[in-house]
Amino acid sequence: MALRYLLRTVSWQELRHHPWRHAAALVAVMLGVALAFSVHLINASALGEFSQATRTASGQADLELRPSFSTLDENLYPLVAGSTAVEAASPVLEMTTQALVGDRTVALRLLGIDALRVGQVTPALVPRAHEGAPRLAWFAPATVFLNSSAAQQMGSATLQVQAGDRRIEVQVAGTVAAGGPPLAVMDLGAAQDLFGRLGEISRIDIRLAPGHDRESALRLWQTQAGWPDKILVAQAQETASRISQLSRAYRVNLTVLALVALFTGAFLVFSVLWLGVAKRAGQLALLGVLGLSASQRLRWVLCESLFLGAVGSAAGLALGTALAALGLELLGGDLGGGYFPGTQPSLQWSTLAALAYGALGVLAAAVGGWWPARAAAALPPAQTLKGLGLSTGGPGRLLPSLLLLLAGGLLALLPPVHGVALGAYLAVALLLIGGITALPGLVAWAHPLARRILGHWPLALLAVERAGRVRETAAISVSGVVAALSLAAALTIMVSSFRMSVNQWLDSVLPADLYLRSSQSLAAADTVYFEPALVAQLRAAPGVDRVEALRVTTLTLQTGRPAISLIARELKEPRRSLPLLDEPQTVPPGAVAVYVSEAMVDLYGARPGQRLKALEGVLGRGSEPAAGFLVAGIWRDYARQFGAIVIDEADYQRLTGDRRVNDLAIWLAAGADEKKVQAELRSRVRAHNGSQTVAGLEMASSTQIRAISMQVFDRSFAVTYWLQAVAIGIGLFGVAASFSAQVLARRKEFGLLAHLGLTRQQILGIVAGEGLAWTAAGALAGLLLGLAVAVVLVHVINPQSFRWTMDLYLPVLRLAALGGAVIVAGTLTAWLAGRSAASRQAVMAVKEDW
Amino acid sequence: MSAAPGPWVVQVQDLAKRYGASPVFESVNLQVGAGQFVAVVGDSGVGKSTLLNCMAGLDTWDAGQVQLCGHSLQTARDDERALLRRQYVGFVFQAFHVLPHLDVRQNVALPLMLLKRDDPRRVQAMLEAVGLQGLESRLPQQLSGGQLQRVAIARALVHRPSVLLADEPTGNLDPRTAGLVMQALIDQTRCEGSALVLVTHSEQAASRADRVLRLSANGLEPA
Numbered sequence: 001m002a003l004r005y006l007l008r009t010v011s012w013q014e015l016r017h018h019p020w021r022h023a024a025a026l027v028a029v030m031l032g033v034a035l036a037f038s039v040h041l042i043n044a045s046a047l048g049e050f051s052q053a054t055r056t057a058s059g060q061a062d063l064e065l066r067p068s069f070s071t072l073d074e075n076l077y078p079l080v081a082g083s084t085a086v087e088a089a090s091p092v093l094e095m096t097t098q099a100l101v102g103d104r105t106v107a108l109r110l111l112g113i114d115a116l117r118v119g120q121v122t123p124a125l126v127p128r129a130h131e132g133a134p135r136l137a138w139f140a141p142a143t144v145f146l147n148s149s150a151a152q153q154m155g156s157a158t159l160q161v162q163a164g165d166r167r168i169e170v171q172v173a174g175t176v177a178a179g180g181p182p183l184a185v186m187d188l189g190a191a192q193d194l195f196g197r198l199g200e201i202s203r204i205d206i207r208l209a210p211g212h213d214r215e216s217a218l219r220l221w222q223t224q225a226g227w228p229d230k231i232l233v234a235q236a237q238e239t240a241s242r243i244s245q246l247s248r249a250y251r252v253n254l255t256v257l258a259l260v261a262l263f264t265g266a267f268l269v270f271s272v273l274w275l276g277v278a279k280r281a282g283q284l285a286l287l288g289v290l291g292l293s294a295s296q297r298l299r300w301v302l303c304e305s306l307f308l309g310a311v312g313s314a315a316g317l318a319l320g321t322a323l324a325a326l327g328l329e330l331l332g333g334d335l336g337g338g339y340f341p342g343t344q345p346s347l348q349w350s351t352l353a354a355l356a357y358g359a360l361g362v363l364a365a366a367v368g369g370w371w372p373a374r375a376a377a378a379l380p381p382a383q384t385l386k387g388l389g390l391s392t393g394g395p396g397r398l399l400p401s402l403l404l405l406l407a408g409g410l411l412a413l414l415p416p417v418h419g420v421a422l423g424a425y426l427a428v429a430l431l432l433i434g435g436i437t438a439l440p441g442l443v444a445w446a447h448p449l450a451r452r453i454l455g456h457w458p459l460a461l462l463a464v465e466r467a468g469r470v471r472e473t474a475a476i477s478v479s480g481v482v483a484a485l486s487l488a489a490a491l492t493i494m495v496s497s498f499r500m501s502v503n504q505w506l507d508s509v510l511p512a513d514l515y516l517r518s519s520q521s522l523a524a525a526d527t528v529y530f531e532p533a534l535v536a537q538l539r540a541a542p543g544v545d546r547v548e549a550l551r552v553t554t555l556t557l558q559t560g561r562p563a564i565s566l567i568a569r570e571l572k573e574p575r576r577s578l579p580l581l582d583e584p585q586t587v588p589p590g591a592v593a594v595y596v597s598e599a600m601v602d603l604y605g606a607r608p609g610q611r612l613k614a615l616e617g618v619l620g621r622g623s624e625p626a627a628g629f630l631v632a633g634i635w636r637d638y639a640r641q642f643g644a645i646v647i648d649e650a651d652y653q654r655l656t657g658d659r660r661v662n663d664l665a666i667w668l669a670a671g672a673d674e675k676k677v678q679a680e681l682r683s684r685v686r687a688h689n690g691s692q693t694v695a696g697l698e699m700a701s702s703t704q705i706r707a708i709s710m711q712v713f714d715r716s717f718a719v720t721y722w723l724q725a726v727a728i729g730i731g732l733f734g735v736a737a738s739f740s741a742q743v744l745a746r747r748k749e750f751g752l753l754a755h756l757g758l759t760r761q762q763i764l765g766i767v768a769g770e771g772l773a774w775t776a777a778g779a780l781a782g783l784l785l786g787l788a789v790a791v792v793l794v795h796v797i798n799p800q801s802f803r804w805t806m807d808l809y810l811p812v813l814r815l816a817a818l819g820g821a822v823i824v825a826g827t828l829t830a831w832l833a834g835r836s837a838a839s840r841q842a843v844m845a846v847k848e849d850w
Numbered sequence: 001m002s003a004a005p006g007p008w009v010v011q012v013q014d015l016a017k018r019y020g021a022s023p024v025f026e027s028v029n030l031q032v033g034a035g036q037f038v039a040v041v042g043d044s045g046v047g048k049s050t051l052l053n054c055m056a057g058l059d060t061w062d063a064g065q066v067q068l069c070g071h072s073l074q075t076a077r078d079d080e081r082a083l084l085r086r087q088y089v090g091f092v093f094q095a096f097h098v099l100p101h102l103d104v105r106q107n108v109a110l111p112l113m114l115l116k117r118d119d120p121r122r123v124q125a126m127l128e129a130v131g132l133q134g135l136e137s138r139l140p141q142q143l144s145g146g147q148l149q150r151v152a153i154a155r156a157l158v159h160r161p162s163v164l165l166a167d168e169p170t171g172n173l174d175p176r177t178a179g180l181v182m183q184a185l186i187d188q189t190r191c192e193g194s195a196l197v198l199v200t201h202s203e204q205a206a207s208r209a210d211r212v213l214r215l216s217a218n219g220l221e222p223a
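As they're listed, the protein sequences go chains A and B. Quick note on the working numbering: the first sequence kicks off at 1 and runs consecutively. Quick note on the working numbering: the second sequence kicks off at 1 and runs consecutively.
Simulated from the structure, these hints should not be mistaken for lab results. Glycine included, C-beta positions come from ideal geometry on N, C-alpha and C. Mixed in with the good hints, there may be bad ones.
As the list claims (entries may be wrong) - Among chain B residues calculated to face chain A with C-beta under 8 Å, some are: (1) 82; (2) 83; (3) 86; (4) 97; (5) 100; (6) 106; (7) 110.
Pulled out of the complex, with its shape left as it was, chain A reads as follows (with noise of 0.2 Å):
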């Protein structure tokens, strides 16, 4: 009842008094919420979108059988569908090729089909033929069966779709019912007829007998003979499984910086509070006086403290929604990871997730109030209203904080959980707890030597004690230009770090002048390529000097995990062409050297020196090398997440004669005009493939891809960059307010020090040189405790999320420049806040006694 009546008049009034105060407050919860729930919305939406376009297209597909690499032999089909095991069966050849539209590409994937078969287990691709086509439609060559994604933006006649270097004309007859990104559906022969993959299926779906599992119908399959060693497989909600993987780290990593948002909103309600119990000492200490116990004053300050985190949360959630819809208007589901290329999936609210999300903002709020409530809690009624409520300072022990420390150590050791560092996000989290409690305890223990050595001056006395009296609350008016410089810090050198480390990868991996790829995507590999005949043109162009050719195709090591990448390449200085960890291994006659990506280290267990059976009977099936593949050392690669092999070029032709080329780098002759070479490329393309467009083909110099590179990166890492500029802009508002707070406090000090002759300037100078002094020291710990925050991330963090490593790279001068800014403004900030400390109403202070 006491504690409504004091929200509904002294709470309100704080309020109605600092509007803009609490709003700041208000506006981090809102962000910080809204940010995690945007997050988590458009993720959940375009991965329940990704999901129902599986389901739709797998149906009542309960397996499919996959290779691990390549294609699957169509004998292989009648073995399975007359399995007793198997209902029903349905051959699939899958391929993504590019389709022209306009003059430029889009992403299509085309998938052959036996037409009699697939309504028995994937009835969504089912060929609708237009009324009027021809009645043999679903079987005729070169004709094709749209979507609704393809029909909206391909929707003609006729489409030019890509087969190898060469563009072939298709009929529109008609529609299939799955949904998901463009999908073509055709004739399964025809398709193996139109793409030259005569006898190749990429999968067959699969509807289990009843009482059969994929276990039984494995076992039941390989007693079979002709059945093949490895195939893959796998249950049709593993497909999901992959997807969600592909961007788990990319979401989480998002999730944390939204956490981070949310942690400086608990820092402002923290401020505001704090702010505002300094304030109301001395209405508190009266009604503690009348009667209000310390467990009242404490729920009163907690109860602000959540209306704070409930308004917040609540507007957080609203805002969260529409951010969430106008990102999936914008992006079309694609977080900007580019893990869902092609989707435009609808906005799907979840209210348990938003009251989970609202509960994290009220926590959030709460936390931030929990210290100014206990502080609130703890005065001393009568000592305060006699302007002595202030506390003495703890003992100052720095042992919990080592602990906390230690603990944060010791947790960056651990493993990734199901692929999230989770041990070293709460190592992140324990360091900053960590360092920022220990501070007091640093001051503890500094405070004898500083009055030794500056026990002589008066004002620097008068700054020494109160910081050695009450350090408590001097530290945790820093806490915030800690816990921002330190946030600020890591960013800083884990993106420094991480840009130094690109740099160095693509001055590795980009040796030409030029370079040239069949398509953008990795998908469309295995469809849309540079045909021999080509490549010699190309080679034999003026002003070329060389040509080297790349292969670049996907295997699947294990179900359920996402597809990594094989790249087949001239390796005879593997040292020079390769951004090799370590010196290469020395291969044994009948082994075949294979050079992998760090994911692979974590992913499949490959390390050097040793083989890498995952392959063995993965590739060359009937004709591997007698000695295995050899891992010969192990890359950096920052383009590809789940894993790539490099093989040399000679092995893998001679294992899968597979002769395709992807990608093309090429070395200018001395003296070529490279624009000259362009064009010329351009025109021996276009006159290879018959036509008068090269959409779809990249061509870039080397010096382009790096710039185009690094503006992506730049880009990236932006918001890195305004999450900073945030951190610090809060962290100086906490200083602010933590000043304030101390000058209404120390207002009768002030006023007395006036009494007794120090000028205006002397207690300005007193106020802004504790604001120095502090401010130093914050920003001083925050540097160090950024430092070890970014070994965290540079060293943990990125290795277990994307598995990859960089170089630790501390850009002195900016670190530097940004501690230096933040002391010029936390003393700017807390001069500012002191002017009024030494104005004549603050030195009349004395006189409220008089």
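Please arrange chain B on chain A, whose structure you already have, making use of the hints.
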């Protein structure tokens, strides 16, 4: 800062103070010489504390002149007034204001440190004079009201100020402690030659003054 030595340590001429349109007092005249003890009495709210603030250059006034140790406060800038206070004035308040982060010794030594006249023996002597020996390292929170006021007295006297401005210094004290405090102030006046201006409601304290003046809206008159 114009220095014009004269017989009066504090000289107030035709002083008038208003808060907006409401006059507080008018035509206040007062001269206090070295070693003199003047008590100012009057009803609550009549402006006694305001008058003390004006005498210390801590408050502004609307008409008249104030001179402190021969220096005109009228023409002095804020910083100059602060330096005059530091050098010539000792303050004692009713609410025994002390700096909460400094211990007893540091609180008492502060005026000397501000004047760059570090003198531990003088500090110790003052502490003994007010009966605080043995409590030098205590913080204000660890002292009683009487002890705090004695810290404030020692601090006010330690730099041998020319003027002591005391506002109800015994208002919150028991009779015995009040007696001790008054004795310390009077001793400073008699032995060290400081001028003492005491604002009080206590007839007993006022009875020990050389002159007792009553402040009203029309100025100071003998009580």
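Each hint tested on the structure:
1. 82: Holds, because the Cβ-Cβ distance from residue 82 of chain B to chain A comes to roughly 4 Å (cut-off 8 Å).
2. 83: holds (7 Å)
3. 86: holds (2 Å)
4. 97: With Cβ-Cβ at 5 Å, under 8 Å, it holds.
5. 100: holds (6 Å)
6. 106: holds (7 Å)
7. 110: Since the shortest Cβ distance to chain A is 6 Å, the answer is holds.
In the structure shown, no violation is registered for any of the earlier numbered hints.
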